[in-house]
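Undergrad: Protein sequences, first through last, are from chains A and B. Per the working numbering, the very first residue in the first sequence carries number 1; after that it's consecutive. Per the working numbering, the very first residue in the second sequence carries number 1001; after that it's consecutive.
The reader is advised that the hints may include incorrect statements.
DMTMM-like mimics (lysine to aspartate or glutamate), calculated; alpha carbons at most 25 Å apart, straight line [stated by the list, open to error]:
#1 K111(A) with E1274(B)
#2 K2(A) with E1274(B)
#3 K1055(B) with E1006(B)
#4 K1055(B) with E124(A)
Derived by calculation from the structure, the hints in this document are not laboratory data.
Here is what each chain is made of, one letter per residue.
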Amino acid sequence: MKTIYVDNNATTKTAPEVVEAMLPYFTERYGNASSMHSFGGGLIVDIRRARRQVADLIGAQAEEILFTSGGTESDATAIRAAVQSNPAKRHIVTTRVEHPAIKNLFEEFAKNGYRVTFVPVDCEGRLDQETLLGSLDDDTAIVSIMWANNETGVINPMDDLSREIRSRGIVLHTDAVQAVGKLPIDLARTKVDMLSMSAHKFHGPKGIGALYIRKGTKFKPMVVGGHQEGGRRAGTENVPGIVGMGKASELAMGYLEDLGGRVRALRDKLEKRLMATVPRAMVNGGGAERLPNTTSIAFEFVEGEAILLLMNELGICASSGSACTSGSLEPSHVLRAMGVPFTAAHGSIRFSLSHYTTEAEIDTIVAEMPPIIERLRQMSPFWKQAQEGNLTQPATG
Amino acid sequence: MWEYSEKVKEHFLHPRNVGAIENADGVGEVGSLACGDALTLYFKLDDSGRISDAKFLTFGCASAIASSSALTEMIIGKTLEEAERITNEDIAAYLGELPKEKMHCSVMGQEALEKAIANYRGEADKAVEGNIICECFGITDREIEKTVREHRLTSIEDVTGYLKAGGGCGKCHDNIQAIMDRVFGQPVRIQAAAPKALTNIQKIRLIEDTLEREIKPALHQDGGDIELVDVDGVRVMVRLRGTCAGCKASQNTLKNVVEAKLRELVTKDLIVEEVAT
Chain A
1 MKTIYVDNNA
11 TTKTAPEVVE
21 AMLPYFTERY
31 GNASSMHSFG
41 GGLIVDIRRA
51 RRQVADLIGA
61 QAEEILFTSG
71 GTESDATAIR
81 AAVQSNPAKR
91 HIVTTRVEHP
101 AIKNLFEEFA
111 KNGYRVTFVP
121 VDCEGRLDQE
131 TLLGSLDDDT
141 AIVSIMWANN
151 ETGVINPMDD
161 LSREIRSRGI
171 VLHTDAVQAV
181 GKLPIDLART
191 KVDMLSMSAH
201 KFHGPKGIGA
211 LYIRKGTKFK
221 PMVVGGHQEG
231 GRRAGTENVP
241 GIVGMGKASE
251 LAMGYLEDLG
261 GRVRALRDKL
271 EKRLMATVPR
281 AMVNGGGAER
291 LPNTTSIAFE
301 FVEGEAILLL
311 MNELGICASS
321 GSACTSGSLE
331 PSHVLRAMGV
341 PFTAAHGSIR
351 FSLSHYTTEA
361 EIDTIVAEMP
371 PIIERLRQMS
381 PFWKQAQEGN
391 LTQPATG
Chain B
1001 MWEYSEKVKE
1011 HFLHPRNVGA
1021 IENADGVGEV
1031 GSLACGDALT
1041 LYFKLDDSGR
1051 ISDAKFLTFG
1061 CASAIASSSA
1071 LTEMIIGKTL
1081 EEAERITNED
1091 IAAYLGELPK
1101 EKMHCSVMGQ
1111 EALEKAIANY
1121 RGEADKAVEG
1131 NIICECFGIT
1141 DREIEKTVRE
1151 HRLTSIEDVT
1161 GYLKAGGGCG
1171 KCHDNIQAIM
1181 DRVFGQPVRI
1191 QAAAPKALTN
1201 IQKIRLIEDT
1211 LEREIKPALH
1221 QDGGDIELVD
1231 VDGVRVMVRL
1241 RGTCAGCKAS
1251 QNTLKNVVEA
1261 KLRELVTKDL
1271 IVEEVAT
């Protein structure tokens, strides 16, 4: 059975070019970049090149890039740095639809006595900017807003937000893990103070990410120890990972056009065909500006885990906003924040495409999904009730 | 990805007895859309009073569908008295096993069966008894207490696995813990209450003794220490020393270790307080 991988917001295939670029750093060039001898210390040149490649992808200066272990570490580093650099300020702001890396971090700050504003979104997942700006005051230490949402792909207007927030002298961080490599990003124009990114979301290796820190931003390291990364992040450099992330960044620059054009068209085709062939289906956040590769489709009256496991039988890999797959029991906090009714939130499936997705794969999905949904609906008591027009269950909660 | 047994997968991919029965003798509905799973169970009896047919409609995950399918297979051919004896554990066992987090799927099966039988016998739907503890899933204190007792559940995760209670916002975790404490606290309380009332001097000696033998050794391991300052009625005033002093977890230690131990071995009404150094 051939695998059809449309779960690229979870992780991506490591590009063969990236693997090839990394291999020598496991075999012949295994040195420690902090060593005095040129066998190890010489690797500083390779790291410098990778730092430049990563910076170029987001329109930054090389010295503004800090290598980390990935998106979660970048997020934690950024938020903790901002809070610790402004010890007198006790208010922090984020959104209700963040990735757990931010959501749980902010909840921890709330438990420790910080005032936390979780800014709501509308039914399309668009940020309530009025509430956001209204919440800011002299006590606000940092605002953290994801560039694009991992579940729906909805994009936040970072240009406007950065102007408004920075003009008030408040530090702005963005979790851009899903946006980098999928959208053109130019930080010379979009003035955020800190930005988190992760290599494995754009065909790089896992275990390596970066935090962009705009020059002049107050910073405190989270991981202390050696002097690596200019003393901002201790620990022996992950040279193969760094080189891989650099190569992936270079490739991603070249793929942006494909994503914005061909991949977007495939995504649109998938949505359009499924809307036409499956009754009672809808696109979550379909009215908002979104990443070109992502769609979250709600199939009413069926449950996400069951859908995914039937897709799995056909080799189709996607993910769901359903509770049953995640170990929690509440459906996705993102879909609930958007007010997606329970009838639909439990049966939402995220398809996320990549540079490697083909039209034939999309055609297969378009053909296979309707019978899967139909099969589960035939078992669903609510589908029967909905058909008979007497669904009495509350649709929203 | 949950790790399902082959039998769960097989029942999910090829469920038995899907559908509704027109003119069923008994119908039981449990769950809701909001909860993420729901099951309607139908059965029909033959002349001898045995279940001749059973069908289900289920909205839910793979294990909910598999549990429903298994349940119909298990009850066909049984009398209501025999069917009544089926527990959720029987359903889970029939399927090989269910992941802990999915036990509520088998509980749902058992509840639907109970309801369908009550429906056949013309018993009114049992009114919701008790007070809602978990607002996310509408679970009452009675239900939680019953399940905790029956399955000897000792952690909130277990309760969530069986009943879903506590699996949403998490606000009810303290209340669920209190129910478990109540259920399992009882035997301890009976033992502690049995000895004749202690005189003040006996009580203080016993407190000192307990601190010396039970508590200090544990604290010493972490480089901490505790000192008894005074006893006033039920109030036991202590001072924390060494690494315990100023440790953020010390409040936790006072309540969960010191107070719990003293209540267990001295009297159940003691309150431990820290006095400033």
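Undergrad: Against this structure, judge whether each hint is valid.
TA: Here is what the structure says about each hint:
no., hint, in the structure
1, K111(A) with E1274(B), "holds (23 Å)"
2, K2(A) with E1274(B), "violated (65 Å)"
3, K1055(B) with E1006(B), "holds (22 Å)"
4, K1055(B) with E124(A), "violated (39 Å)"
Checked against the numbered hints above, the structure violates hints 2 and 4; every other hint is satisfied.
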